[in-house]
Amino acid sequence: MGSIEGILSGFQVALSLEGILFVLIGVLVGTFIGMLPGLGPISAIAVMIPITFGMDPAPALVMMAGVYYGAIFGGSTSSILLNAPGVSGTVATAFDGYPMAQQGKAGKALAIAAISSFVGGTVSVILLMLFAPMLSSVAISFDPPAYFALMFLGLTAITSLSEGSTIKALISAVIGFMVVTIGIDPQTGTQRFTFGNVNLLEGLDFLVIALGLFALAEVCTLIINRKDLYFENKRKIGSLKITKDEFKEMRGPMTRQSFLGFLLGVLPGAGATIASFIGYITEKRISKNPEEFGRGSIKGLAAPETANNAATSGAFVPLLSLGIPGSGTTAVMLGAFLVLNVQPGPLLMTDRPEIFWGIIASMYIGNVFLLILNLPLIPYISKILKIPRPLLISLVIMFSIIGVYAISFNTFDLYMLLLFGVVGFLMRLFSFPAPPFILAFILGGMMEQAFRQSLTISNGNYMIFVESPIAISLLIVGFLSFLFPIVGHYRRKRKGIQ
Amino acid sequence: MKKCLAIISVAMLIVILTACSSDDAPSNNASGDWEPEKAIEMVAPAGAGGGWDTTARMATKVFNEAGIIEEDIGVVNKPGGGGAVGWAYVAGFDGSNHNLFVASPPIILVPLNGQSEYGYDDFTPLANVIADYGAFAVRADAPWDSLNDLFEDMKEDPESIAVVGTSSPGSMDHIQFVQIAKAAGVDVTKIKYVTDPDGVGLTQLLNGSVEVFSTGVAETVEQVKAGTIKVLGITAEERLTGETLKDFPTAIEQGIDASFVNWRGFFGPPNMDEAAIAYYEKKFKELSDSEEFGAIRDQYGWDEMYMDSAEYKAFLDEQYETIGALLDELGLGQ
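Top to bottom, those sequences are chains Z and S. In this text, residue positions in the first sequence follow my numbering: the first is 1, and each later residue adds one. In this text, residue positions in the second sequence follow my numbering: the first is 1, and each later residue adds one.
Bound conformation, chain S alone:
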């Protein structure tokens, strides 16, 4: 039922959008005219300093400094429950056009793990803006030189290799590893996964407690430069650009046909007006194309990945299917 609605709304959206673009006369239809009437609130469903917070703050900074949006945008942190607290908060603004939040794969994963009553399909996807990728690192002196070496050993003796991540099983660090390992033919139910919620997964890798560290690409760069760890593979489709990053092999080039994107974009509350959606889509496109935001992407090692509302929605539906199936296989789906 939900899916049916989703398809209808996407279809409607496309109709409206094409209607807008094919209309040659400038802004004589109501739907393209919406402008924010008051300050916009941007929720980062996590504490200050994390990935969501940084994305939200950087986006608002460019919006205001580059004059893309005139109204003030305030970032509000709503930490808790891996996002669930923030989502419940935004869901309370049903129909509002002035409340946004930043989102990434946890909005699919957390509800699938049964930890949030609100999921991506309860909200209005506005636009995706950036992509980040996962990396699998081992100690510099580890016996493996490629993902295939590692996965061969995992197939033979799954008990001998432990993988550490910052988030719990069923969430990003775990799933990105499982997705690649599964494509390589590893029995994913036997993967030994340890969570280090205090963010000291790297310590455990360096002191030899665990063998593999599943994390974000950016987190590995300094250690790789210092020669303490090596990255066996990343989850991107193609090699990244930039110093050090360009040396990281993808899983795909190692013959493992799988990838995982840590996409980051922006959502609105349920039932946002079509006109407002069109407005934000346009503004996020401007943001994504701006020089200022390009510099920020380079600074944080993010990739550009713009999707408008309809593309975003379709992408999310597909992600939901894939990851849901994976979690079921792991026995984690709810």
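So that you can see chain Z by itself, here it is in the shape it has in the complex:
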């Protein structure tokens, strides 16, 4: 069989001295850039593209792939320690990771994140190796109605992401929806809510919203509460050790989310972010103690971390086997391929097997490297928390500003960052939850586009959403998952009365 030879030639590339060296460089750069709040895989890859000029394509791409999943791997750090997600895929990580770190268990939180990332990354690479050639048909199986239904399913998380008032959660989500419509509407080319400002034409970047609503709002809260927390300055990092019981708790989410995350990653456009949110809510739904989620639950941390890393490998399926970039990051990756004169697509596997399989094979090694690199570093990295609070706050602000400025070197984005910092702080003051806002912002754009594409294709006939089997099944699951918490709430209430 040709593909076994191909796999072997891939390992030959990955296990050569050059291969190992470049994987190591890639994951090192990726994980460090990913760790910085505000900088994610896009910046990491963009930084590396000029360096690969004139390099041999196989090692260069092995390195670039390492940068990519390394950045996702490292991205959890700033979410957990500082509540400053630098990648949309690690927003859900902050939901339980940050509370856990606040409880003095930062070491454990980072260890759980590293291990679940490793498991998600490795299981998905095995899946990638076994099924990559067949999965390209899965990657194209989603038509616009199916995408709409998938985004809808993701949005049902709003009801379960909200502690307290469902109304406030919905209001928060609606604002998120409104904010994502800013910019040029792709379906008509019309400007929406740009007020004639050229800087708003492209809409607002995810980072502006995430760092504003999470990092800066957190900073404001810390400043306001400085007196209460002042003496708690020497925060504990805690042990890295994960007990047997804790590991048992992680096992379920890690297994399930490795598969689910990978599958969602295979769909172009869905990717790590949606995988991490869907991973988080499915685990919350099937958990016996869903009330622990959001308060430092081990499952709530393991699930999104496994899912986002698994999805990252999944994203290589459409990229390598179809030449279709499924996200902003993979689009930059595609650019990196083209610069090196490698055209990803259906022929890559047969024409350049050493590159196709070399990248996949190198991901095993890359994931092992990441685990070895990250675990011993945890005690040092979490020392960040011991930095005196005034200094730490300034650092978070500085990194948020650098991250946002690096998007397009435009000071306008910085004003927007400040604005959303204030918005986030006000939302906290009046206990409007931020996660529904960011979820609506992430999913809303694609959901709207998919909805309108569907209707253009069907000439305005809504039946298109029920005629597609994938769409209708996802919509049903979505409705059930939307109603489930409400019904559950109602039933609990009744029990309480009796």
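Please keep in mind that the hints were generated in silico from the structure rather than gathered at the bench. Each statement offered as a hint is correct.
Residues from chain S that face chain Z, not an exhaustive set, calculated with beta carbons under 10 angstroms:
1) 50
2) 53
3) 76
4) 80
5) 162
6) 168
7) 193
8) 206
Derived DEER-like restraints, expressed as beta-carbon distance ranges:
9) 208(S) <-> 259(Z): 26 to 34 angstroms
10) 380(Z) <-> 243(S): 48 to 56 angstroms
11) 208(S) <-> 341(Z): 26 to 34 angstroms
12) 411(Z) <-> 208(S): 41 to 49 angstroms
13) 141(S) <-> 476(Z): 30 to 38 angstroms
14) 239(S) <-> 4(Z): 37 to 45 angstroms
To list a few chain S residues with every Cβ distance to chain Z over 12 angstroms, as calculated:
15) 183
16) 270
17) 319
No residue lacks a Cβ here, since even glycine has one placed at the ideal position from N, Cα and C.
Following the hints, put chain S in place on chain Z, whose structure we already have.
Relative to chain Z, chain S alone:
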């Protein structure tokens, strides 16, 4: 008024240029002597990895490696608004001789769609360097074997055929299709066009959501080789060269008298010095003629299309007229 100015400036330019070339004595006039005094900044008004970015990086690479320009040239990415952010940025360097940017049809289309206050006529066209073309692809098992088959069906039942592109209506993927379809007699106001901004237009073609994919020629090659899609027509005037590419029929050879060039060239800020324009024209000509850049053209499947500043300006004016009329017909002009 603007047009009047443009014509005058073109005329002046021609006078100066002919003056230069007819002057036998070597460089005894000031206008031919300009040399960059510091590092040159080259703006790609888009993010890393896209078409503009690649063109800018490849050009600077050859400039420096082949020793055509001694000074350093740094590529700066200014993404946003389909180019509008980058153009606003360059417009701020009025009169500078050390700021360049890479441009292509969006600098005509985006302002016509009312999405940028700066258009091509606000800047100094220096030289066009390459040409790229659009392709219209359908699934390999689709019932159409030529553009005419497709357009006949579109005339009969426009609702049954959807066209997908990466950019919004009124921009390149849409306009290149409309321009060819119009020449074939299709009612262009009835074309069903879907935008897939996430770059998954190909997915939609392959899974049968849409019927036609309007894109760049290079984007289709791998899929055609793999036998999943077929290209019904390309927007070039003549057949392209190169493996697979040479098999793509042009619209013209199918009896549809229309073409669309995705030209790519370089501009400077408003009011660049004539001497600097002459300098860059010469350097871009050297770039275009160099072996190194020829290899890059082959790698990316680009065609050579050199125009000096005056030719470029005239070409842009003509493009502006044609496309403006087309957008008005579609009801998209502003």
